[in-house]
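Q: Turn these sequences into a full structure, and let the hints guide you.
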Amino acid sequence: MPTKREGFKAIRFKVHNIAKNSMTKYVLRRLLYLIPIFFGILIIVFVATRMAGDPVKLMTGLNPRITFEARERLTQYYGLDQPLYYQFLKFVWEMLQGNLGNSYAIRGGTAVTTLVGNYAWETFKLQLAALFFSLVIAIPIGILSARKQYSKLDMTVTTTSLVGTCIPIFYMGIVAILIFSYFLGWFPYGAAHSLDPTRYPFGSYLLDELWHMFLPVAALTFAELAPVVLLVRSSMLEVLRQDYILAARASGLSERTVIYKHALRNALIPVVTYVGLYFGGMLAGAPITEKVFNWPGVGRLYVEAISKLDFPVITGITVFVTLMVLVANLITDIAYAYIDPRIRIE
Amino acid sequence: MASKEILKIENLTTYFYTWAGVVKAVDGVSLDVREGETLGLVGESGSGKSVTALSILRIVPRPGKIIGGKIIYKGENLLEKTEGEMQQIRGKEIAYISQEPGTSLNPVFSIADQLTEVIRRHQNVTKEEALKRAIELFRIVEIADPEIKVWNYPHQLSGGMKQRIAIAKALSCQPSLLLADEPTTNLDVTIQAQILELMKNLKEKLGMSMILVTHDMGVVAGVADRINVMYAGRICEVASTKTIFRNPLHPYTRALLEAVPNVALRKDKLKIIPGTIPNLISPPSGCRFHPRCDFALAECASTVPPLVEIESEHYVACIRAKEFTEKTVRGVKR
Ligand SMILES: Nc1ncnc2c1ncn2[C@@H]1O[C@H](COP(=O)(O)OP(=O)(O)OP(=O)(O)O)[C@@H](O)[C@H]1O
Ligand code: SF4
Ligand SMILES: [Mg+2]
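Quick note, the sequences are listed as chains A and B, same order. Using the numbering used here, you'd call the opening residue of the first sequence number 1 and step up by one each time. Using the numbering used here, you'd call the opening residue of the second sequence number 1 and step up by one each time.
Hints may be right or wrong, so weigh each one.
Away from chain B, derived, C-beta distances all over 12 Å, residues of chain A [as the list claims (entries may be wrong)]:
no. : residue
1   : 53
2   : 77
3   : 86
Here are the simulated DSS-like cross-link-like pairs (lysine-lysine), alpha carbons at most 30 Å apart as the crow flies [what the hints assert, rightly or not]:
no. : chain 1 : residue 1 : chain 2 : residue 2
4   : A       : 148       : B       : 92
5   : A       : 148       : B       : 70
6   : B       : 70        : B       : 203
7   : B       : 132       : A       : 261
8   : A       : 261       : B       : 65
9   : B       : 8         : A       : 261
10  : A       : 152       : B       : 81
Honestly, the hints are just simulated from the structure, not real lab data. Since this is a predicted model, take the numbers as computed values, not measurements. Think of the CB as a built atom: it goes at the ideal place given N, C-alpha and C, for glycine as much as any other residue.
A: What follows is the structure in structure tokens.
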């Protein structure tokens with residue numbers, strides 16, 4: 001009966017379409033949620049920074065001959081004399097047109113979008129590389145450790161991970177620099193590039209970049225590794241106890257299929273949550289790492305902007321970080337729905 | 001009735017090596033399953049029924065280990081096979097339906113995925129053919145709208161439906177032996193009856209043998225040909241279902257029967273078995289039932305009663321079994 005087969009295909013297509021539609025709806029709904037959250041965060045930061053002090057005073061504080069009028073003019077120039085709500089609405093209006101204002105302090109008012117654009121990539125480069133390596137290393141170790149629960153290997157892995165979790169990144173960073181840069185001289189002390197192109201290894205800009213990345217990425221990976229290993233291990237242990245794993249074994253599937261298909265997909269669900277949260281943490285933790293490695297990233301920029309009350313830069317980075325975290329959350333939710341069908345159709 | 005055995009277990013011993021001590025979950029179990037029969041394996045919770053079933057497939061979870069005995073399936077000892085050979089037997093020759101229908105399907109894959117995966121593991125067919133076969137199986141286990149239901153995920157289905165699918169999955173490669181571990185325990189009574197009926201019919205239709213594991217005497221009464229009663233890791237009585245219900249000889253079997261409402265020998269006196277199932281780390285010496293047995297003698301605590309044939313096809317592991325046959329069953333104090 002040829003029509004029967006056609007029937008299956010039609011039905012499969014239909015069901016597939018429904019699933020796809022519900023997925024689209026799901027994503028749209030999540031996006032709608034993000035709008036109020038975004039503006040909420042924005043308002044808090046906008047108001048809080050403006051209560052922190054007067055940037056004009058800070059800029060002119062070292063100039064004994066500044067007149068009152070000159071200060072007034074500066075305040076007016078930056079629009080700081082306007083009521084707060086007006087400043088905020090003006091900021092939002094310009095933001096919607098893609099303009100985040102100009103820095104008060106950096107090189108004659110560089111556009112904040114340019115600044116963020118330049119610095120963000122440096123931050124991402126480090127953090128994404130560290131995330132990638134920590135996942136690639138941690139997931140197999142976590143799985144192995146869970147499969148051999150209580151073995152010597154498992155004991156070693158858990159103990160090392162517990163110790164690893166307790167070492168803060170700045171300490172790890174400083175020790176790494178001390179050993180590999182100071183004593184061994186294998187890696188640069190910090191910064192993202194050699195200032196002098198003649199110092200590029202083999203004259204290659206890319207190699208120079210990788211050379212500079214190595215230590216910070218290694219330190220970050222090491223710091224990230226431990227919690228992921230422990231998470232994967234415990235999640236895997238939980239899954240391996242489930243009945244469907246026993247059932248999968250009972251139906252004659254190979255050990256590889258049982259572990260890497262049936263168990264892993266379930267065990268990764270909490271890991272996805274973790275990676276989503278990681279993005280928030282990564283931007284929050286960036287100032288520390290970037291300080292230690294003298295890395296030109298958003299974190300360092302943020303700290304400098306705050307110390308100079310550089311309102312547009314502070315707000316601009318906040319907008320950027322908030323957007324990134326929200327987008328990361330959205331991606332997490334989508335990944336979730338993709339991995340776990342129970343979430344898709346609610 | 002003396003047909004050939006498809007499975008013969010001799011002295012199977014499976015222990016769990018836990019922090020607290022060695023759990024002697026299955027301790028010298030021997031039983032046989034004849035071709036085409038349904039063997040009921042009955043006993044209280046914790047008596048080692050599931051572990052026996054899992055040992056047959058050699059999928060006892062850690063820290064459990066089969067430490068001795070023989071499992072002769074179709075003339076070959078499964079304990080001597082390699083892991084690769086066992087994978088060819090699991091699901092294809094011997095299928096297993098687990099105790100929890102709700103959780104025996106992987107929540108993140110569609111039913112179609114999970115069924116075709118098993119079919120393709122054991123049969124050399126294309127994806128489309130496997131899918132067709134899965135849909136056919138859905139019809140066999142009487143699920144409406146198989147073409148649609150097959151694309152569902154486990155959480156979209158009811159418990160009864162999931163159990164039907166678990167059965168379909170177990171039957172997908174036409175096994176010769178089906179191990180059904182309490183296939184109906186967690187279902188409503190009406191659905192229980194439907195599933196049992198379905199399993200009984202399918203077993204006939206496909207000419208399989210089956211081990212039906214349960215703690216419910218009511219379930220085995222209607223389905224099993226013969227019954228093995230298990231207590232604390234050992235078999236204590238073996239006989240045809242009729243004999244077990246009409247002339248139970250082991251005190252534990254009697255206690256079990258009296259604890260079942262609808263088959264209680266006397267309606268007015270529904271007993272519960274006093275005491276609890278023993279700790280299997282340090283089980284009672286001699287007859288493991290002696291601390292709870294109404295008929296225990298001093299000797300019971302020291303000698304392990306062997307399983308002996310008291311009458312034709314009726315084996316009992318109790319030193320007083322002979323006495324119980326001499327008096328009528330009713331004559332014995334209850
Ligand atoms: N993973 C395990 N670790 C330690 N002990 C275990 C494990 N699995 C089972 N056991 C022990 O083995 C014994 C027999 O368990 P089993 O699951 O076979 O009982 P059962 O007869 O199937 O009971 P139920 O009716 O509850 O399913 C129990 O005493 C239990 O404590
Ligand atoms: S051997 Fe003794 S203790 Fe065990 S069942 Fe028989 S009478 Fe009871
Ligand atoms: Mg059980």
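Q: Determine for every hint whether it applies to the structure shown.
A: Hint check:
Chain B leaves residue 53 (chain A) outside its interface by the beta-carbon criterion, the shortest separation being 53 Å against a cut-off of 12 Å. The claim that residue 77 (chain A) is not at the interface with chain B holds, since no C-beta of that chain comes within 12 Å of its own (minimum 59 Å). No Cβ of chain B approaches the Cβ of residue 86 (chain A) within 12 Å, the least distance being about 52 Å, so the stated non-interface status holds. Annotation: proposed proximity of residue 148 (chain A) to residue 92 (chain B) holds, straight-line Cα distance about 28 Å (limit 30 Å).
Restraint check: the Cα-Cα separation between residue 148 (chain A) and residue 70 (chain B) comes to about 27 Å, which is no more than 30 Å; the hinted pair holds. For the proposed pair residue 70 (chain B) and residue 203 (chain B), the alpha carbon gap of about 26 Å is at most 30 Å, so the pair holds. Of the supplied pair hints, the one linking residue 132 (chain B) and residue 261 (chain A) holds, its CA atoms being roughly 23 Å apart against a limit of 30 Å. Taking the CA atoms of residue 261 (chain A) and residue 65 (chain B), the gap is about 25 Å. The hint holds against a cut of 30 Å.
Taking the CA atoms of residue 8 (chain B) and residue 261 (chain A), the gap is near 34 Å; set against the 30 Å cutoff, the hint is violated. For a cut-off of 30 Å, the pair hint linking residue 152 (chain A) to residue 81 (chain B) stands: about 28 Å separates their Cα positions.
When held up to the earlier numbered hints, the structure conflicts with hint 9 and nothing else.
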